[in-house]
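Generate the whole structure from the sequences, applying the supplied hints.
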Amino acid sequence: MTRRGILAMLTALAVSFTFWRLFSSLLIPLQSLQPVSDHFLSHGVEETGAINIVCSVLLDYRGFDTLGETMVILASVTTVSMLFRGLSHSDSMGLSLMVKRSIGYMAPLFWIFAICIIMNGHLSPGGGFQGGVILAAMTILFTVVFGVEFSAVKRVSRYNQIIEYICAFGFILTGLWGLMISGAFLGNLIANFPAGRPGTLYSAGFMLLLNILIGLKVMAGLSSIFLYLQKDAGHVCIDTETEDD
Amino acid sequence: MGIEIPFYAVLFIIVLCALAATTVEDTLVAVLFLSLFSAGTAVTFAFLRAVDVSMAEAVIGTGFTTAILVTAIARTGCHTITGDGLSENPLKPIIRRLKSLYRRYESGGNS
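Taken in sequence, the protein lines are chains A and B. Quick note on numbering: the first sequence equals residues 1129 to 1373 in the working numbering. Quick note on numbering: the second sequence equals residues 3 to 113 in the working numbering.
These are calculated hints, taken from the structure and not from any lab test. Treat the hints with care, as some may be off.
Claimed, not checked - Facing chain B, from chain A, some residues (calculated, C-beta under 7 angstroms):
(1) V1182
(2) I1262
(3) A1265
(4) I1268
Unchecked claim - Some chain B residues well away from chain A (every beta-carbon gap over 12 angstroms; in silico):
(5) I7
(6) F9
(7) Y10
(8) A11
(9) V12
(10) L13
(11) F14
(12) L18
(13) T29
(14) L38
(15) V45
(16) E59
(17) E108
All residues carry an ideal CB built from backbone N, CA and C; glycine is no exception.
Next up, the structure:
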């Protein structure tokens, strides 16, 4: 027993030493990336129009990576929907009337918070992804409080798949528009998107549009994953009794 | 200067939560410790002035992942890890050793 413990401690030490060596060797090339981040910090506002440098890196300089991230969510939603295809939601009544009413009064405030995070993505911390996940968490809250039936059938959640695909298509169309005008995929200001005055809502070219698209897409994708997981999997379970017939 | 002490306290809490999430038998408690771990990570990112990453970590790690994992536990009914060698955590002998040491220290202090 103690030999196992000593072995575990030695393994943990070896793994941490390896990671330390890896990261300490990685630190030297990171110094050579300093001009890139200096360029982002000094020229970011005039080149992209967004005063949130993180957003300008995510959606303008490295917009193609963001497209890849959203495609990852799309692929996972497609896989989950393929696994849980054809199953029906189980009935659930939700919580008591008092909880339902109080959540009903508080829900608009949560939505306003999420929409603020999405719309001010190029002005303040946050952005489409964070706000979209908050909207998906609202779907989870509705599922817990009001029951699966209400959340999956009577709310916007029933159009999740359509919203997901439309937003992915819109993202790619915005990139193709930049490609057509300026010759660069997801070109922002060089593709004649209006720059506006930095610091105002309608500024930074297509960033407001892309934040809304990403927010809706992440909301639809994550909430549809959660709602698929709520489906009744009783028919799929392989029991020993049902296997005979 | 003053901000460093709570920062290191949060880092210590993160390590404790990670250890607890791997050693606890009940998977529901492990998921809650994982959620607490994500909350501590979000606070760490906020200390390091990466507010965007902090928000993403708080929402994803504390909210969405916990919901998905709790759903998985509820659907599969695997509340405790039993059999198949899964319960034999390599850290458990160390914890037991520390507990016995502490107990011996405590009884020695009393007598």
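Inset, instruction - Please verify that hint: V1182(A), Cβ, nearest Cβ of chain B, below 7 angstroms or not. - result: holds, 5 angstroms
Inset, instruction - Closer than 7 angstroms between Cβ atoms is the bar; does I1268(A) clear it against chain B? Give me holds or violated. - result: Interface hint status for I1268(A): holds (5 angstroms vs cutoff 7 angstroms).
Inset, instruction - With 12 angstroms as the threshold, tell me whether V12(B) passes as away from chain A on beta-carbon distances. - result: holds, 19 angstroms
Inset, instruction - May I ask you to check that E108(B) keeps its beta-carbon over 12 angstroms from the closest beta-carbon of chain A? - result: holds, 21 angstroms
Legend entry - Minimum Cβ distance from F9(B) to chain A greater than 12 angstroms, as the annotation requires: The assertion about F9(B) holds, with a minimum of 19 angstroms to chain A.
Legend entry - 12 angstroms cut-off, C-beta based - F14(B) kept clear of every residue in chain A: holds, 16 angstroms
Legend entry - Per-residue hint verdict: I1262(A), partner chain B, C-beta under 7 angstroms: holds, 6 angstroms
Legend entry - Exclusion check [A11(B) not at the chain A interface, CB over 12 angstroms]: holds, 21 angstroms
Inset, instruction - Measuring Cβ to Cβ, find out whether L18(B) lies farther than 12 angstroms from everything in chain A. - result: holds, 15 angstroms
Legend entry - Reported absence of Y10(B) from the contact zone with chain A (all CB gaps over 12 angstroms): Correct as stated: the minimum Cβ-Cβ distance to chain A is 18 angstroms, above 12 angstroms.
Legend entry - Non-interface claim for L13(B), where every Cβ of chain A lies beyond 12 angstroms: holds, 15 angstroms
Inset, instruction - Run the C-beta distances from E59(B) to all of chain A and say if the shortest one exceeds 12 angstroms. - result: The claim is violated: E59(B) sits with its nearest Cβ about 10 angstroms from chain A, within 12 angstroms.
Hint compliance for this structure: hint 16 is the single one not met.
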